[in-house]
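Here's the letter readout for the chains.
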Amino acid sequence: MSPSFTILVADDNPVNRAMMSKTLQKEGYRIVTADSGKRARQMATAEPPDLILLDICMPGESGFDVIKHFKSNARTASIPVIFLTALSDVDSKVEGFNLGAVDYITKPFHPQEVSARVSLHLKLSIATNSLINSQAEKLRQLTEAQTSFLITPEQEPGAHFGVHYMALHEAGGDFYDVLHISEDIYGYFVADFSGHDISTGYLTSSVKGLLKQNCTQIYTPMESMNLINGVLVEILPAEKYLTACYARLNRRKRVMEIVFAGHPPVCYVPADAPARLIGAEGDPMGIFKSTLFGIVSLSVSEGDRVYIYTDGLVESPATKKMWHSETEKMLDACEKGRSVPIEQAPRTVSDHLCPNRETQEDDMVILAMEI
Amino acid sequence: MDLKAIGEDLGLEESEFLEIVELFLETADIDIDRLKQAIISGDRQTLTEAAHSLKGSAGNLGFTEIYRLSKEIEAAVRENTLDSLGPVMEAIEAFKVGIQKALETRTT
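These protein sequence lines map, in sequence, to chains A and B. According to our numbering, the first sequence is numbered sequentially starting from 157. According to our numbering, the second sequence is numbered sequentially starting from -9.
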């Protein structure tokens, strides 16, 4: 099941409900709507949402009546409520805050403002709640992460991905994960821990747990990586760091945002154009508290593919080959994989790049996804 | 009227926006009927509610003229000048027809 956040939109105006639903669904939220205050009360009590957008001016029970009810009921008391109110109505705004609303949005509203405020207040709500009740959840997530360590395409068919993973040692230095963020949003993460001298097994399970907690739709991919970096700086042993690439795909908006943390470029294979490399400079993770990652935003189309891979695939210490000189080969290999189903494409690319597998000098991961 | 441009400004794809415009026209018809009836009967409560509804949906969709005219109705109720609303209603209907035509052009 995806960890999507649920927003309750309570507004008697059907056009406003439709606008807010469409806008927020595009961001990956699950939307439930109520056309009256009474209905909003019933719905929120039956299935408490993560946030409520509440119109003040509704016939019958007003937004004020409804929030009073929410705040006096244990099941709904901690849910952030954002009021929708007319621009000039200062008294309503003050009254809303007094009754426990976290914010207001003035009408007429711009959909993108709604979306920005919703994500802001979900973040604040999580920060507040996490101090109180998320410790048990974190432990549960870590345990779960360890038991289902490396995800397979069969476990997450909606992600349309394929992967080829080869580890030199039992606890490999390379790591990947695929995250189902919400109905149309998936995250793809590939990382390479520096060195193989210390077992990275326990670190990779921590990273998997951190991904699960921080890669949600309320954070931008850059924010997610910064949050994870903040924890890694604290927990990684000295001299240990990781290079990583995190791509988040929103199928509905047809946008892929890719964060680079000292990682080789990705290979983008548009359905109707030649393959090309896309990358950005960025610091590795786990070294600096305030760090600078590279980011690229791609407009993608159905049938396009993106390959994320670790440098073991294209670098060779023995022949002094470095990825920046060898990645041209990658383009050629990805072109070769065009007609192969996505689940098998990474293996085809790997076979083309490394025909002599016994000479492999480093771990490697190729993760490919199709839009 | 460029519906595509208005939709883009709101961050919505054209098909999504047109769907909402269609919903707007349906609810606007109901609101306009209620307004006309209420002007005849002098029902100030219904006038306020229907004008509020029309104002809300028009404002958020970027139909600023209808938004402005709906506010005029609210003001007329407050100031008890319902007699002045004939031309306002005509203007609202004319803008609604304009939106209807723009929608038909985009969907045919």
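In short, the hints are calculated from the structure, not lab data. Take these hints with a grain of salt, some might be off.
Claimed, not checked - With a Cα cut of at most 25 Å, we get these calculated BS3-like pairs of lysine-lysine: (1) LYS396/A - LYS368/A; (2) LYS224/A - LYS249/A; (3) LYS279/A - LYS227/A; (4) LYS26/B - LYS182/A; (5) LYS(-6)/B - LYS178/A; (6) LYS249/A - LYS61/B; (7) LYS194/A - LYS178/A; (8) LYS409/A - LYS227/A; (9) LYS178/A - LYS26/B; (10) LYS368/A - LYS409/A; (11) LYS249/A - LYS279/A; (12) LYS61/B - LYS26/B; (13) LYS396/A - LYS279/A; (14) LYS409/A - LYS26/B; (15) LYS279/A - LYS224/A.
Claimed, not checked - Beyond 12 Å from chain A on every Cβ pair, some chain B residues (computed): (16) LYS45; (17) ALA66; (18) THR95.
Since this is a predicted model, take the numbers as computed values, not measurements. All residues carry an ideal CB built from backbone N, CA and C; glycine is no exception.
Checked hints:
{"no.": "1", "hint": "LYS396/A - LYS368/A", "result": "holds, 22 Å"}
{"no.": "2", "hint": "LYS224/A - LYS249/A", "result": "holds, 15 Å"}
{"no.": "3", "hint": "LYS279/A - LYS227/A", "result": "holds, 20 Å"}
{"no.": "4", "hint": "LYS26/B - LYS182/A", "result": "violated, 38 Å"}
{"no.": "5", "hint": "LYS(-6)/B - LYS178/A", "result": "holds, 16 Å"}
{"no.": "6", "hint": "LYS249/A - LYS61/B", "result": "holds, 20 Å"}
{"no.": "7", "hint": "LYS194/A - LYS178/A", "result": "holds, 23 Å"}
{"no.": "8", "hint": "LYS409/A - LYS227/A", "result": "violated, 36 Å"}
{"no.": "9", "hint": "LYS178/A - LYS26/B", "result": "violated, 32 Å"}
{"no.": "10", "hint": "LYS368/A - LYS409/A", "result": "holds, 22 Å"}
{"no.": "11", "hint": "LYS249/A - LYS279/A", "result": "holds, 22 Å"}
{"no.": "12", "hint": "LYS61/B - LYS26/B", "result": "holds, 16 Å"}
{"no.": "13", "hint": "LYS396/A - LYS279/A", "result": "violated, 30 Å"}
{"no.": "14", "hint": "LYS409/A - LYS26/B", "result": "violated, 41 Å"}
{"no.": "15", "hint": "LYS279/A - LYS224/A", "result": "holds, 23 Å"}
{"no.": "16", "hint": "LYS45", "result": "violated, 8 Å"}
{"no.": "17", "hint": "ALA66", "result": "holds, 17 Å"}
{"no.": "18", "hint": "THR95", "result": "holds, 21 Å"}
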